[in-house]
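Next come the chains, spelled out residue by residue.
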Amino acid sequence: MTTAPPATDERLGSPGLLDRLVLRPEIGSLLGALLVFAFFSVVTERFLSTGGVATWLDDASTLGIMAVAVALLMVGGEFDLSAGVLTASTALVTAILATRLGWNVWLALLASLAFALAVGVLNGWLVMRTGLPSFIVTLGTFLALQGLNLGVTRLVTGTVQVSGMRSAEGYASAGFLFASTFTIGGTAFYVSILWWVLVTVAASVVLLRTRFGNWTFAVGGSAPAARAVGVPVFRTKVALFATTAFAAWLVGSINILRFTSVQANQGIGLEFQYIIAAVIGGCLLTGGFGSAVGAAVGALIFGMARQGIVYANWNSDWFQLFLGVMLLAAVLVNNALRRRAERVRR
Amino acid sequence: MTTAPPATDERLGSPGLLDRLVLRPEIGSLLGALLVFAFFSVVTERFLSTGGVATWLDDASTLGIMAVAVALLMVGGEFDLSAGVLTASTALVTAILATRLGWNVWLALLASLAFALAVGVLNGWLVMRTGLPSFIVTLGTFLALQGLNLGVTRLVTGTVQVSGMRSAEGYASAGFLFASTFTIGGTAFYVSILWWVLVTVAASVVLLRTRFGNWTFAVGGSAPAARAVGVPVFRTKVALFATTAFAAWLVGSINILRFTSVQANQGIGLEFQYIIAAVIGGCLLTGGFGSAVGAAVGALIFGMARQGIVYANWNSDWFQLFLGVMLLAAVLVNNALRRRAERVRR
Amino acid sequence: ACSGPTATNTDSTNADGTGTGAAQAPTGDLRVAVISHGTAGDAFWNVVKNGATDAGRQLGVTVDYNSDGDPGRQATLVDNAVSQGVGGIVVSMANPDALKTSVENAVKAGIPVITINSGSERSAAFGALAHVGQEESVAGEQAGAKLREAGKATLLCVIHEAGNIGLNQRCDGARAGFGGTVSTLQVDINNPTDVEARIKGALQTDTSVDAVLALNPQVAVSAVNAVKGASSAAAVATFDLNADVTGAIKAGDVLFAVDQQQYEQGYLPIVMLKLYRDNANTVGGGKPVLTGPGFVDRSNVDEVAEYAERGTR
Amino acid sequence: MSDQPLIEVRGVGKAHGSVVALHDVSTTVAAGEVTCVLGDNGAGKSTLIKVLAGVHRHDSGELLVSGEPVRFGSPREALDLGIATVHQDLAVVPLMSVWRNFFLGSEPTTGVGPFRFLDRRRARATTRSALADLGIDLRDVEQPVGTLSGGERQCVAIARAIHFGAKVLILDEPTAALGVKQAGVVLRYVAQARDRGLGIVLVTHNPHHAHPVGDRFLLLKRGRSLGSHEKADIGLDELTRQMAGGAELEALEHELRGTTG
Amino acid sequence: MSDQPLIEVRGVGKAHGSVVALHDVSTTVAAGEVTCVLGDNGAGKSTLIKVLAGVHRHDSGELLVSGEPVRFGSPREALDLGIATVHQDLAVVPLMSVWRNFFLGSEPTTGVGPFRFLDRRRARATTRSALADLGIDLRDVEQPVGTLSGGERQCVAIARAIHFGAKVLILDEPTAALGVKQAGVVLRYVAQARDRGLGIVLVTHNPHHAHPVGDRFLLLKRGRSLGSHEKADIGLDELTRQMAGGAELEALEHELRGTTG
Ligand SMILES: Nc1ncnc2c1ncn2[C@@H]1O[C@H](COP(=O)(O)OP(=O)(O)OP(=O)(O)O)[C@@H](O)[C@H]1O
Ligand SMILES: Nc1ncnc2c1ncn2[C@@H]1O[C@H](COP(=O)(O)OP(=O)(O)OP(=O)(O)O)[C@@H](O)[C@H]1O
Ligand SMILES: [Mg+2]
Ligand SMILES: [Mg+2]
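Chains as they are written, first to last, in our numbering: chain X, 1 to 346; chain V, 1 to 346; chain F, 1 to 313; chain S, 1 to 261; chain W, 1 to 261.
The shape of chain X in the complex, shown without the other chains:
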């Protein structure tokens, strides 16, 4: 990413390529991912088959899209606990409009996008206006959305799910964009994997190469300092919340078009998986430091570990235990490296 300066400074010790690498927040997670990958490739047969790869990439993809957006937000110093439920809310809005009111799917998607952005902007606006921690504000939105999801679904359908998307007008074209598969080596991969890559690349470029990215680091690292040099803190943070909401809409759309039905309590609890993937990827909970690629890799670790355990055919009673040990191992293995980074960093 960065080219070394003409370093002939006697105050610099060893050339320090390693130290330079170590400074990148995502390095730790990359090593962790390699470890998990190697482990399951050796331990199980199916993990490395194209079918296997397709499965764990699929699992990681929607998580990854959200983790990347959440990572941006965390770099900006905020949390969004409503992100998980919002994936279900957007799917519900789309599904209700398309199946009950007979809207064209594309129109329904547009409407749910507007809805998602409204929620995101509201989150951001509340956080900035009230000065309350985003943890509390978005908790409120989280609970409110959760209630709305269930209440509205039951009101409209009498059940706790909305289904029947497949017969809605415009399903085929929208489904192609969000939920089709493409074939590599005879195996079908879901298009959500491409979305994930796209989102990661875009987020990475924005974060590292644009003014907005610079502001994101600044408002997360020290909002008063950023304000003092003229960074529009309010707008930046609101935009970050809106970005997260947009990602939630994307994932919601992928889900509703792929599964053609959506359950009212979907998405609950996933918000923490997003945060966890971002933190594994090197984001600081306190803001101001992190990377989009790291978050994507964090999601990959999650996906690989989750599916790897299934492939390894371990008793699924102990699933969480394996997952916990796996995660700890993945973050501990590069601990020496990370500490070195810490040491260099401050």
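One or more hints might be untrue.
[To be verified] Now the in silico label distances, taken between C-beta atoms and shown as ranges: (1) X/Asn313 <-> V/Leu34: 53 to 59 Å; (2) V/Trp314 <-> S/Asp59: 42 to 48 Å; (3) V/Asn315 <-> X/Phe176: 38 to 44 Å.
[Unchecked claim] Residues from chain X shown here face chain F by an in silico Cβ test under 10 Å; the list is partial: (4) Glu45; (5) Ala88; (6) Gln146; (7) Asn255; (8) Asn265; (9) Gly269.
These are computed hints drawn from the structure, not numbers from a lab. Where a beta carbon is used, it is the ideal one built from N, C-alpha and C, also for glycine.
Starting from the known structure of chain X, fit chains V, F, S and W with the ligands onto it as the hints suggest.
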């Protein structure tokens, strides 16, 4: 708590009793609690009856015990995501020892206390040794404990719950201490309410009046600064993790002795309620600021809102919506005040 | 709706309930609290709730439905109902020990209690009026037996909520009824991608699996996708219904759906409590009132589909 | 020098809750002149600076920029009027690299439309040379600012303000953490900027720094103004005595030497 | 003054990752003497101080306290040997009140056994008077330190070190943020402590502060030692010249005056 100094300084404006109050972190939550209390007292009939009070105090009590401990930990700058599951783990250990191995209940309680403290110390030790954020480390313990709870329970009992405590030896005396009721005005109140009060008072005194409390604020506010003036940062943080584990054991014991059975997936997700109660009570997520009383009041708000909604007979489909709006209202109503505090504070 | 002086209903299972009730209603309106251990938004318990509220609407009974998957907090909800002085309590007893004190307190306070779903063997001991429903394990057992009949040898039982006692009982029952090899798989119901991916992974890993038992219609649909994705020949069976599942049954993708007729588990207790208050009737004679299980397969799916659509099957 | 002062402060006051940090302070900042703000610790100097820079909004009094009364809602508004500030705290974002801090809020970009990316090469080069001009020779402008020494960090903020300052340059104790050489360079910069016609506000505790460059000296004490002096009216010794509140450093110096063996 | 120096530093080095912050530096701190550490920004002064205070562990060389070689694992160990330090950063915990910061790590308690509570009355009174002695008159010692002005904050750290310093007092740019009066008071304190037989290490950029009290001057540049001078060997002007690396403030002063109209 504090007596005003002989303030005849011309640089101080109005006497500022209000501003002094506002500086206390728990004031916001107290106002919020009053609001919720007044609301449900007016809207519902039974909320204010002794039976009603007993119910919502009961609901708040175990949450409150944990919230207070978690608040101490958060003041010390750390999270413990394993706190919720640990309440179930300790209960499971007690129950399995007492019902399957036939141990005396007291002995089983001692053993599970040792287990809890071991988990707490392990959490603290890992966090301090590895330098990883406690969010990640305790997430690992969280998942591991969750897996262990399910795996061990199914291994030992074949089902996902352990029951039959009532017939274990020593149940009566242990039950008296942890799960009995006392009667006021003809209504039975659970003894867990007393434990809650006791824990809150003890934590408050420790936090505000002892060296350890001073160190807690310091390690959370700025660990390097605290280290530089000789505060034993390592020991302080480990002790805080152990305190949280102790509280989890207390709640686990109260639960197992009262309900005489425990389900393997109990406690999951509660860790965030603890954190939320602490934050509502004025704890900063970034550490270094907060109060035990505030966390207890945060739990009270939770308990009142949760049961109040039931008393109000609102459609439970919208339960979460009401809870979310309630919480937001409770924290927003004192927003003006809080902001004032922020202004004074920094 | 409270009229009709000739309340001569017998204690049969005639539950049409329109216009029943007694003129000499002792305390006016009847309020019943239904407290289940289902998580909010659970498909099974949604139907129970619909049953209870429909009965309430038809009989002029106020029904408050609340639920909490945590046994302790479910007990607190019972305490809450007692302190509200409701006219009747309907409670599901997945964890009888935890509810013992609260239910007994309710009985002591003179509130008639009816237990539903599981907990039939402890129901009477706690002083409940009656039990409606059936142990989850029985339903599981019959599902297992039916799969066995279909000639399946290796079964994968998908638990979508780790540690949920009801789901575990279903799988344990299936194990007993099936006889062959049964393995369980934990998935996260809130994450549909994860559900599909994990079932697919399990099918790819163990190619001998020839039957998948889902415990939730949403999971069933994912299981169908997973079976296709893994190019497996496994048959899918499920608990409960939704529009997608009825479609899949018609299409032959799903073998059958276990229908516990849980609508009755919500509906009947309201009727029973109303009868009990107005006419001191009891039902079941100390034996549980069984509601199922029934099976929905190709033969009867057309008939049931529309009920499932509106959330009553 | 000009009729219309760049900034005029009239009886400005500011309280934090019940704490009165500033009360009824007046001064002017004219083009081509240096206004020094002097005073004890806690006198309210930084508070005044923050009002001028748009960080705080004043509670009472008036603030006029180029004759127009203003109430800044944010530092951006002050910056847009050409007022650049080096704060005593709030200076930098520790986790960000030196060059990112340097250009924060005024990032140079290349490309057009949605493809306007940071011009990182230019940003790095500019940062390096701006700091080198102040006598700070950095190993690496990619280093997070948090790892710099106190003085280096201060220099990043100063270099930034000098680089972007258009009409008014406000410096709050810029030389406090600086070495002798760096402090000299900064003072020379201040003099150069003044000669280019900028208005300068300089806060300092060092009479040796204030006296050579200052044209006007505003003395604060406990949030109130002790009066304003033109350079002609006051010598270094008198200034030092005023700043020390009557005590004198020279006397102290003798005392210090006296006690040595 | 005594045969055995309180602290002896022999060829100490310290690197942060690949950044060499200190390389082969030696000096001594004797009882009743003031060792001044001088140097440019980023010269490594604070790094040296942190090694002495136990915040960093040195990578190479030797550190001897009262003749015993030590490698501090934590600042506590240094404090236990009577070494009190005022750091340039790491000074205080912003969210904590002034008196809590003052006594942090050395809290006074009353009562016995498990009922040993903070003696808050005494702590508050001591804090107030210790700060008043430095010329800082606080409104309220319950105020969070984060709301104090830069100089007030610095004074809290200094007052604390002076209060608890037993054998060695290390001050890293203590006077940087201080007013003329406060700086004078601090220097007088340093002189008094020296006369009581403490060993003092003083980092400063102000030759006017260093020269009157210093006995030994260690000059650092880019992490390396430029040599150590005894007071007798070096005058104020020479010291200033050395600190500025050849340039001279007086010349600069003339230049600054010269450019004025
Ligand atoms: N947010 C705040 N809340 C309460 N008091 C504050 C706040 N900010 C500043 N003060 C008080 O206002 C007074 C003036 O502070 P200010 O920072 O302006 O002083 P200063 O003149 O810059 O001092 P120094 O020379 O030490 O930097 C101080 O006594 C400080 O305690
Ligand atoms: N954690 C760290 N990581 C990388 N480099 C560091 C770190 N800490 C200090 N440095 C570098 O070491 C050098 C010496 O820093 P130090 O703080 O000792 O300087 P100083 O002499 O105290 O300067 P000043 O007078 O400005 O306070 C600086 O160039 C700084 O950038
Ligand atoms: Mg200041
Ligand atoms: Mg320094």
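How the hints compare with the structure:
Take X/Asn313 and V/Leu34: their Cβ atoms lie about 56 Å apart, and the range 53 to 59 Å holds. A C-beta distance of roughly 45 Å is found between V/Trp314 and S/Asp59, which places it inside the suggested range of 42 to 48 Å. Roughly 40 Å separates the CB atoms of V/Asn315 and X/Phe176, a value that falls within the hinted 38 to 44 Å. Taken as an interface hint, X/Glu45 checks out: its beta carbon lies about 8 Å from the nearest beta carbon of chain F, inside 10 Å.
Look at X/Ala88: its Cβ gets to within about 8 Å of chain F, closer than 10 Å, so that hint holds up. At a threshold of 10 Å, the smallest CB-CB gap from X/Gln146 to chain F is about 8 Å, leaving the interface hint in force. Interface restraint check for X/Asn255: the shortest CB-CB distance to chain F comes to about 6 Å, inside 10 Å, so the restraint holds. Here the hint on X/Asn265 is kept, as its CB sits about 3 Å from the closest CB of chain F, short of 10 Å.
A hinted interface residue such as X/Gly269 counts as satisfied when its beta carbon comes closer than 10 Å to some beta carbon of chain F; here the least separation is about 6 Å, so the hint holds.
Taken one by one, the earlier hints all hold for this structure without exception.
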